[in-house]
Each structure stands twice: as structure tokens, then as C-alpha cells.
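Below are the chains, spelled out letter by letter.
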Amino acid sequence: DTEVTQTPKHLVMGMTNKKSLKCEQHMGHRAMYWYKQKAKKPPELMFVYSYEKLSINESVPSRFSPECPNSSLLNLHLHALQPEDSALYLCASSQDLWRAKNIQYFGAGTRLSVL
Amino acid sequence: AQKITQTQPGMFVQEKEAVTLDCTYDTSDPSYGLFWYKQPSSGEMIFLIYQGSYDQQNATEGRYSLNFQKARKSANLVISASQLGDSAMYFCAMREAVISGGGADGLTFGKGTHLIIQP
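Which chain is which? The protein sequence lines are A and B, in order. Position 57 (the first sequence) corresponds to 57 in the numbering used here; numbering is contiguous. Position 59 (the second sequence) corresponds to 59 in the numbering used here; numbering is contiguous.
Derived by calculation from the structure, the hints in this document are not laboratory data. In this text the structure is predicted, and so the values were computed from the model without any measurement.
Mimicking SDA-like on lysine to any residue, the simulated pairs with C-alpha atoms at most 20 Å apart in a straight line are:
hint, chain 1, residue 1, chain 2, residue 2
1, A, K101, B, F47
2, A, K19, A, N75
3, A, K40, B, I46
Here are some chain A residues the structure puts well away from chain B; computed CB gaps all over 10 Å:
hint, residue
4, M27
5, R30
6, L115
For glycine and all other residues, C-beta sits at the position ideal for the given N, C-alpha and C.
This is chain B alone, in the form it adopts within the complex (with noise of 0.2 Å):
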């Protein structure tokens, strides 16, 4: 079963709105990380914004933040103001904790979204 879901291949915005990108995560552990990079067609994988599994409060940095519902296993992206410069993949991944370890020192991605901004 996948473990991360992203269910928007593609997605088309103009310029300067919002876009929010979905992210779904399937895991029986309590301890997680929850990670979106953001890789632009140069291929480097740039981290982007972390959510722990027992962070409060929502995570934020910049422009970017992540919208968590952790009942509903959802982790999506939210991106303000969106620029040209964001046209990417953008993936979301997850950690598990090491005591489990169930697969916990890689990151498991999800199969990504390709972000496209239209001036």
C-alpha cells in the first residue's frame, strides 16, 4: 500500500494566487516527520518545509505552510502568493520513527505533483 498520496499529477495557476497541494500519509506509527521539497527541472531537491507528528501547531516558513490534519492523515502544502519561479515537482515524503523501524531512515515519497504558475 502506498504511504504517501499525492493525487494532483499536474496543476495549473496563475500567477500571485494561492495553490494548495494535497499530500495523504498512511503510517501506524505515532512518531513521523512529515517533509515537502521542492525539485525544479535542474533536478536538486530543495527542502522546503518539516511537520512532526506531535508539533502542535502548524508549520510555516515564508510563503510556505503546511496545513496538517493529523486525524485525517492530511499534510497538504499551502504556497501564497505564488511566482513564477515556484513552476516545479513538488513531493511529499515521510519519515518514521527509528524505534519502530519500519523503514525509518530513508524518506518515503509520495509520486508528486508538477506545479506550473501561468504569468
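Bound conformation, chain A alone (with noise of 0.2 Å):
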């Protein structure tokens, strides 16, 4: 079972709001990441958990505020975004940081809109 679970599917806020997006894995996988991808182009990576702990933080703006509460749970908060946010919010897990062989499993993604 190689299965990334994100909710919810679809996300509209305005740039007052709070929102927060969620990510779950079972496969007992203990790295996990966020990537942001706009329209017609590849993901780029915003963020990467290991072992629960912030491993990497790819220069993204505070209004983005990542949480890995436990080993299966990874969230992503939300506060005063800007339109130009608007985009799919992929998140993904693999075993760890440190296999040669280390692919990353995706979930089906968030699609946000900012208004």
C-alpha cells in the first residue's frame, strides 16, 4: 500500500483567512515533504520533515507554516495568503532521507485558490 492521503481536495480562502492542509501516511515512513506546483509547471520543494524534525525550509514566506505532529501526520498552515499562492500543494513521504533508493510517494494533492 503505497498511500498519501490529502485533505481536503479543493481549498478556497480569502487572504484574511486561516486554513489548514493535511497530509497522512501508514506506510511507516519517516520523511515527509510539501511541494507547491502552479499550473503547467514542476513541483518545487518547500519543505522536508525527517524523523518529525523540520530538515529543510526552502526559503518559503512565514505565511506558510509547516507542523509534523507525529510520524504519520504532516499539516501545513495557512495565514494571509497571497493570491499569486494560489496553486496544488502536493505533499509527499518515503522511507527516510538516507537510502540511495528513495522514492517518494504523492498524494493526490490540494488545489488552493486565494482570493
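Need the complex rebuilt from these two chains, each delivered in its own frame; the hints are there to steer you.
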């Protein structure tokens, strides 16, 4: 079973709202990732968590706040977003960061629209 | 400089024909992994195939095979006997070794190839 579940599938929010994206995996993976994908572009890495600790933050604005409460769950808290933040947000997980064959399995994504 | 180059923005292929999607990469790291993902219009990124830089043989997974030419830094995806359901965006991606510390943890993606299979 290589399932990563993301909720919600779609989200529309105003620039003053606070919302959260949720990602869950039950594969025993210890690395989890957030990517942002604009239309007709490849995904871009935002954050990496390894064993529930933030490993990489790719210079993402502070209006995006990640959280990893346990090894199965990854959240992305959103606050005061801009219209240019509208995108597909993809979550992924992998066994860990150190295997050579580090396959990342992705969820179906959350399509976010900021009005 | 781009680390992953996919030179075919779009391709039209007749059903049941074989398809080759091009990917070249750039790295000075001796240890790296190459990946192909499929992204249908629904948005999910589906892992297809992996090739490690030290793997002696080309990877195969069912109808997918990877034509790995290390000296040319090329990792083309071959889909045999294409099906209508193969219509999607295809991304080539690379992960460099953790040891060299060069953006090692996430995947670096190419711009993708939009494949359309025609009946």
C-alpha cells in the first residue's frame, strides 16, 4: 500500500483567512515533504521533515507554517496568503532521507485558490 | 543552470505504439537517483520507475523501461505498447546524494512532457 492521503482536495480562501492542509501516510515512512506546483510547471520543494523534525525549509514565506505532530501526519498551516499562492500543494513521503533508492510517494494534492 | 532537461513539451502518439520521452541531467555528484513520475489531469504524481547512478542494468517496471546512458547523462523513459490511459504529464526527476549536500533531500524536476495518446 503506497497511499498518501491529502485533505481537503479543494480549498478556496480569502487573504485574511487561516486554514490548514493535512497529509497522512501509514507506510511507516519517516520523511515527509511539501511541494508547491503552479499550473503547467513542475513541483517545487517547500519543506522536508525527517523523523518529525524540520530538515529543509526552502526559503518559504512565513505565511506558510509546517507542522509534523507525529510520524504519520504532516500539516501545512496557511495564514494571510496572497493570490499568487494559488497552486496545487502536494505532500509526499519516503522511507527516510538516507537510502540511495529514496522513492517519494505523493498524495493527490490540494488545489488551493486564494481570492 | 537546469539540472533536469526535458526537451519535448508535448507529444502525440498513436495507441499501441512505443513512446520514448527524453531526459538529460546535470550533476557532478557520483551518487544520484533518477526518477520518472506520471501526473494525470487529476493531479496525483504517480511513481513509475527508478534508476540509481551505480545500477549496472537499465531499470524496467512492466511496460516502462529506462534507457540509462550515464556517459551522456541521459535517462529516457520508454513506454511500450502505449494505451489511452497513458495520456498525462511525465516528469523526470533527480535526487543527488545526501553526502555531497547539494539540495539532497527533495526531488529536482524537469519541466515535463505532456503525452497524448490518440486512438
